[in-house]
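**Q** Here is how the chains run, residue by residue.
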Amino acid sequence: MIKNNRPEVILFTGFLGSGKTTMLLKTIEMASVYQKKCAIIINEIGEVGIDNRQMRMLGYDVLDLFGGCVCCTMKVTLEATINHLLENNDDLDYILFEPSGVADPLALYEAITNCGYAESDIQNIFIFDPTRIDFYQKHLKTLFWDSVNLAKYVVINKIDEVSKERTEEAAEMAASIKPGIKSFKMNLNNELTSEFSQYLMGKEVS
Amino acid sequence: MYQEEFLPVVFKVELRSEQCLSVEKWQKLINTILRSYVDDISKNEECLIGHIKALAEIDKANFIKYSCINDLNHINSEVHCKQNNINKINMIINSLVSNISENESCQFLEKSCLLAEKAGDQINIEIVKNEKITIKKTHHHKENEVCPICGEHHLHKD
Ligand SMILES: Nc1nc2c(ncn2[C@@H]2O[C@H](COP(=O)(O)OP(=O)(O)OP(=O)(O)O)[C@@H](O)[C@H]2O)c(=O)[nH]1
Ligand SMILES: [Mg+2]
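Residue numbers (this note's numbering), protein chains in the order written: chain A, 1 to 206; chain B, 1 to 158.
Bound-form chain A, shown alone:
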């Protein structure tokens, strides 16, 4: 449960190119239907961030964490950014955060809990790109394992690009790492499924 009407933190995790920004954009659209106010934080590695530029061109305000800075731990920046948001916005419903696709999500948790959130408050959605199952298995063992393990639920996207079997295989992979974890299967080029929308937006009243 979120205390003191704090905005809910939704974390979009997943490897490079999995679909985090696409998912984030869909979530903003959905939130606006529910008339919810969102703040967006993006951390991209590389000096010139593409996602944040895109967001700005679409008319959204984005808070960057110093992208790719190798000297400062992202933790400190993230904590400062969230605190800044909390201090300056009373009416915020959600903080949507897309960390870099190579970041270890566990490293972000401390910054968020330092801002007064319990770990269980963090809506961590792992975006699982089923077109890259083999790549994940071969090259990303720990990052993949840790990310799924930390996630609250999994979105298996790009279902328009793979067979049903592949989608199932992805769901099974996630469940084998974290038994019982719920997977939502979606084509993110379409609207978010209503089941998922309710799941995400209906949460905060609990």
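The set of hints was computed from the structure by calculation and includes no laboratory data.
A quick note: this is a predicted structure, and the numbers were derived from the prediction, not measured.
In this text, a Cβ means the ideal position worked out from N, Cα and C, and glycines have one as well.
Think about it this way: if two alpha-carbon atoms lie no more than 20 Å apart in a straight line, the pair counts; the simulated SDA-like pairs of lysine to any residue are: (1) A:Lys138 <-> B:Asn44; (2) A:Lys138 <-> B:Glu46; (3) A:Lys138 <-> B:Leu72; (4) B:Lys60 <-> A:Val62; (5) A:Lys138 <-> B:Glu45; (6) B:Lys12 <-> A:Arg53; (7) A:Lys138 <-> B:Asp71; (8) A:Lys182 <-> A:Asp121.
Across the chosen pairs, the derived CB separations fall in these ranges: (9) A:Glu191 <-> B:Ala61: 17 to 25 Å; (10) B:Asn87 <-> A:Asp90: 45 to 53 Å; (11) A:Asp64 <-> B:Asn70: 26 to 34 Å; (12) B:Glu18 <-> A:Thr113: 51 to 59 Å; (13) B:Lys82 <-> A:Pro179: 43 to 51 Å; (14) A:Gly116 <-> B:Leu115: 51 to 59 Å; (15) A:Leu106 <-> B:Asn70: 21 to 29 Å; (16) B:Asn70 <-> A:Glu195: 29 to 37 Å; (17) B:Leu115 <-> A:Gly202: 51 to 59 Å; (18) A:His84 <-> B:Leu115: 45 to 53 Å; (19) A:Gly116 <-> B:Ser101: 43 to 51 Å; (20) B:Glu46 <-> A:Ser163: 23 to 31 Å; (21) A:Glu169 <-> B:Asn84: 42 to 50 Å.
Add chain B with the ligands to chain A, keeping to what the hints say.
**A** The following block gives chain B with the ligands in isolation, referenced to the frame of chain A:
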């Protein structure tokens, strides 16, 4: 671990044409450039593509976004544009690939841009070298200054 493996290389590319071309034409043209860039990268089996993405900016609110995650996949592109005929595009490419030097990556891109120029649409493509920035240059404080983020002294290598 993966941060070091997939070091981002950022390119700024300016594309101009003598005559205005349709957005679809530009979309295809840039697609061809990225395709040959990705093909060259993929010839080396050691090179793993994390994500190669590009934002082709038409103006403040109009753009085409590209994305590629491996050589087998097609290059995704998404047009967000109300304009039609244009003669200039500024593009940023963010290339996250393992086991490739920035130099090599740049050579591949130069080669694919040259090919596109020669293809006969009377376009001019320039990779803006001095604005090409890598992760090494992203520090926001000097070596002897206090870091404005964590409030401590630390070296950039830390
Ligand atoms: N066909 C299809 N394409 C998708 C889907 N979800 C995402 N994509 C495409 O996948 C590509 C990468 O998506 P992004 O949202 O940029 O991925 P990301 O995780 O934010 O990438 P990084 O920020 O670089 O780590 C884009 O071209 C999206 O359009 C989907 O469900 N179906
Ligand atoms: Mg992204």
